[in-house]
Amino acid sequence: MLRFVPIITIAFMIGPVSAGLIGTLLPAFGILPALGGTGPGLDPWVTLFEQPGLWHSVRLSLVNGLIASFVSVAIVVLFCAAWQGTRIFRVMQRILSPILSVPHAAAAFGLAFLIAPSGWIARLVAQFSGWDRPPDLAIIHDPLGLAMIAGLVAKEIPFLFLMTLAALPQADTERTARITATLGYGRIAGWFKATLPRIYPQIRLPVLAVLAYSTSVVDVAIILGPTTPAPLAVRILGWLSDPDLALRFMASSAAILQLIIVLMAMVIWMTGEKIIGVIGRHWAENGQRFKRDQGARHGSAVLAILATGAIILGLVILLIWSVAGFWGFPEILPRSFSLRLWQREYDAIGSSLGTTLLIAVPTVIIAVALVLGCLENEVRQAHKPGRGVMWLIYLPLLVPQISFMFGLQVFFTLIGLERTLISVVLAHLVFVLPYVFLSLSDPFRALDPRYGQTALCLGASPSGVFWKVRLPLLTRAILTAMAVGLAVTVGQYLPTLLIGAGRFATVTTEAVALASGGDRRMIGIYGLLQMVLPFAGFACALLIPAILFRHRRGMSAHNRG
Amino acid sequence: MPSGIKTGLELRDVRIGLDGRELVAVDLVIEPGEIVTLMGPSGSGKSSLLGHICGTLPDQFKVAGQVILDGQSLDGKAPQDRHVGILFQDDLLFPHLSVGGNLAFALSTNVRGKANRRARVEEALRSADLDGFADRDPATLSGGQRARIALMRVLLSEPCALLLDEPFSKLDSDLRGQIRSFVFNLCRKNGLPTLMVTHDPEDGIAAGGRVINLA
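Chains as they are written, first to last, in our numbering: chain A, 240 to 800; chain B, 5 to 219.
If you are wondering where the hints come from, they were derived from the structure by calculation, not from laboratory data. Predicted, not measured: the structure shown is a model, and the values here were computed from it. All residues carry an ideal CB built from backbone N, CA and C; glycine is no exception. There could be a bad hint or two in this list.
Claimed, not checked - Restricting the straight-line Cα-Cα distance to at most 27 Å, the calculated cross-link-like pairs of lysine-lysine (BS3-like) are:
| hint | chain 1 | residue 1 | chain 2 | residue 2 |
| --- | --- | --- | --- | --- |
| 1 | B | K66 | A | K623 |
| 2 | A | K707 | B | K10 |
| 3 | B | K81 | A | K707 |
| 4 | B | K10 | B | K174 |
Claimed, not checked - Sample of chain A residues facing chain B (criterion: CB under 8 Å; computed from the structure):
| hint | residue |
| --- | --- |
| 5 | T693 |
| 6 | L697 |
| 7 | F788 |
| 8 | R792 |
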């Protein structure tokens, strides 16, 4: 039984992606019998290309995705190069882990409340400049999409940073840094010349996932992105939600176009990798040492602190708005505080939290069980899967959600599962499984295999070893993986909206739905609610092992996970 | 337990290879209560040999020959059915269990009843001069105490043979002699055929048995 778990797990990820892509591809060429499309044709594409501002939308998606990814990667590697092994580096490590669990939409709302013309920064400036009304500037929803890029960068930095952190020990970076320093290299130059080439292959898949995400993002684009026209993915969602069902065909073509854009972005990115690789090799050998890099080092710290600070401050402002009474411009704080809205929304809050958990609990349990099965199978078969498997695990994160979610909806309708909890859980699993796997595989594989061998030689059965030795030793890692999985399902917007067809109102779908209304107090409430469950999850992952093993000092060393 | 007749541990022309290269080849019989020392540089396949005997060697290794314990072949048996105990250079006490929990983990389910099992654990602790340590956290013990618990844990699983994988190399030099004689005495007293691999010549001298040098 155990040996089939890896296949089942991969099927749960690849199956929906494939079914969804087919279900999008067919209507894109006019085939969708349910809506009267029977013969193959190019009509959907003709209609699509007639849409005003289509190429503008395409350019926004492609260019902004590339810029956002490049800036996030640049800040992360620069910061690691400049500060690895220092105190600020360790502090950053602690701060960024919880930030990773903040759903994209909540972070984007926080940022919007911070930088909008009537936002908190403008209020701060107003104290000195004497503004009595918000400046007349399009700072969010700006036509170039700069606010959206900023939101993406701030939210992708924690993910890329933690992925880089996981890669660091494998490249013996501490000693490499000592060697480059004794050879007279500045910190940053030494790291870029000697460490980055060894780290990059390890973080390449996460980087590509960030690129695919940034190029096709929907929720952040709705909250911060340009509107006239919007990036392509947002317009596709609009067409998919249009009461005119005939638009579904064109929307499918657009979803395929979105996939092509993501592939183009990846080709451009990989070409860039090649060019930088060639130039970098020459640069590494030219002996320049860049000993005076204080300026660059501090610059990288400022950027990283700015990005994290923006998210944290944004969340605080969400909190303030959720309890704000009258709060006119340019006041720094509201004149009064009130829980009136929380009371009014009490029932709605309860039901959206309930719905979120209704999806999250089965999803996380299934995901953790499957991933544990895969890893345990790995131990029993005594061989590790190759690098190709990593591509399979990342596949759901490399294909844009909007390109296969509509097709998946069509597929679920076909097999009679539309608008059911099962189909929503299956759709969430596609994205939860990769993250749970990434979170759990390192600590599981790092467990000293001699514990298992010792237990076997003491007469324990293989399943006894799993339940009585490996599982307890990995308590904290497993709870952390569950918290990661919880954070991922809570943050899902498109899968919940499209697969659930509006039947499942989670904290995230409710929050994004509020974006157009502009009721800041309500946005504050639902933005906060998005964070409640992930934070509670991570708090449990810290507290439960600490209580369970309070008399076992050796467990803290074994369960860094 | 196998046939009941103690004839020792027999390695009949055992050869272990990896990627077409032979790592180790031995042919020997270890009598009950005898301690045989296997010396060799690191990478000479000593630990692979022990892994093969207790059944935890990954299958990419090529293995030939027979391993026989008390007259019965071990080849193809699952590790948990072999009754072969092993001690590593680290004590590998399970950090999530108490000292008593670690020892009870090793006790067979044939020892029934909570009180009965507890008594066996206490008895083992007493014979290691660690009375009253059952509820302690293993992480709070000294290296010497942990080493003794690890040995008691193996012995409670009632092995028919014992393997020692550089068991003393991580101990302080003043402790090493004391733990060595503790382990060796119990091996002899329990009549266990014992195979020790090490690269410390003093281990072999202290064991007082045959010393085999691997090339």
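Do the hints match the structure? See the list:
{"no.": "1", "hint": "K66(B) / K623(A)", "in the structure": "holds (19 Å)"}
{"no.": "2", "hint": "K707(A) / K10(B)", "in the structure": "violated (32 Å)"}
{"no.": "3", "hint": "K81(B) / K707(A)", "in the structure": "holds (22 Å)"}
{"no.": "4", "hint": "K10(B) / K174(B)", "in the structure": "violated (32 Å)"}
{"no.": "5", "hint": "T693", "in the structure": "holds (5 Å)"}
{"no.": "6", "hint": "L697", "in the structure": "holds (4 Å)"}
{"no.": "7", "hint": "F788", "in the structure": "holds (6 Å)"}
{"no.": "8", "hint": "R792", "in the structure": "holds (4 Å)"}
When held up to the earlier numbered hints, the structure conflicts with 2, 4 and fits the remainder.
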